[in-house]
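My request is simple: use the sequences and hints to build the entire structure.
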Amino acid sequence: MSEPEMSTSKAASLERGYRRLLAWYPGWFRRENEEEILAVLMACAQDGQKRPSLEASADLLKGAARMWLRPRPGQPRTVFAAVRLMWAGAFAELAVAITTLATLGSVRAAVMHSYPAAWHSAQVNLIGNAAEAPLVIGLWLWMAWANGKGKNRGRVALAVFFGLDSLAILAALSQDAVTYAPADLAVGAVQWLVALAAVMLVFNPASSRHYQYRQPVLR
Amino acid sequence: MQEATFLILTALAAGSQHGYGIISDVAEISGGRVKLLAGTLYTALDRLRADRLIGVDREEIVDNRLRRYYRLTPAGEKRLAAEAARLHSHATTALRRLNLAGGVA
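Line order of the protein sequences matches chains A and B.
Per the numbering used here, the first sequence runs over residues 1383 to 1601.
Per the numbering used here, the second sequence runs over residues 23 to 127.
Since the hints were made in silico from the structure, they are not lab data.
Watch out, some of these pointers could steer you wrong.
[Unchecked claim] Cut-off 20 Å, straight-line C-alpha distance, at most; resulting in silico cross-link-like pairs (EDC-like, lysine to aspartate or glutamate): (1) K1444/A with E25/B; (2) K1444/A with D68/B; (3) K57/B with E1437/A; (4) K57/B with D1429/A; (5) K57/B with E25/B.
This is the structure we're talking about:
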């Protein structure tokens, strides 16, 4: 079957629409398949169609979501899982920062009501946490990117991050932090567990080849 | 195996096909009941390639557009044959129990 004839401007408009939808797919998938999928989409288009149909749009977005949940070709499942954990680490840090900022007023009122003398140190702690959040989120995202790309410095950074995080948890426990900040410690423990799981996955023997092989794998 | 996957493998059973060809063939095999959309097709093709059930046969440029042909691998042929036999066995049993095997077939 041949592609229905369309005016150049309508075809260009439709192609732009499809490209915008295909932009939701992971980069590795687009590089390998975008031109081919576009050819199929254009071949399936109705005569005179100017923009993607709702059905095709939903189908492409659903496909994009599924592809984000799959490892790229040649990527071990262990690394894929570790990268998703690092994304989760970044997301958790963002959620904590937003919660901290959103509840600052009520926390202040509660502390001022029960322990007014502790407000200064609590304020320093809360603002410190919120201020370091962009840095920690950036670090999680960079580690996810670097490990996904098979860069060895990515997993070294993760190991260092995990080591520092472990020391911070131990320091907090030694200062009896659990007596005044159980929620903070719980969040720290979850982050520590996420980092631990990610470290175990990237240093798993099944992940080794990913960090040794640099060329993209073509299937 | 999902129906769409079965139909895609069936479309490739007689020879290599490109994406649009698979969509057309699946519609024909299913009597127009299954209309694959591109997103669904390429999600399935990616999975089938990862499972080594299909592979790329060749690529062409037609009207300045990439056309990639897919073919069944030996593992894909084996898997399709096994699935077809399973479905056939189930269908035969169902028809026999309905006492319709002679009339319908």
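Tested hints:
1. K1444/A with E25/B: holds (18 Å)
2. K1444/A with D68/B: holds (14 Å)
3. K57/B with E1437/A: Roughly 12 Å separates the two Cα atoms, so the pair holds.
4. K57/B with D1429/A: holds (18 Å)
5. K57/B with E25/B: holds (12 Å)
Every hint, counting from the list given before, is met by this structure.
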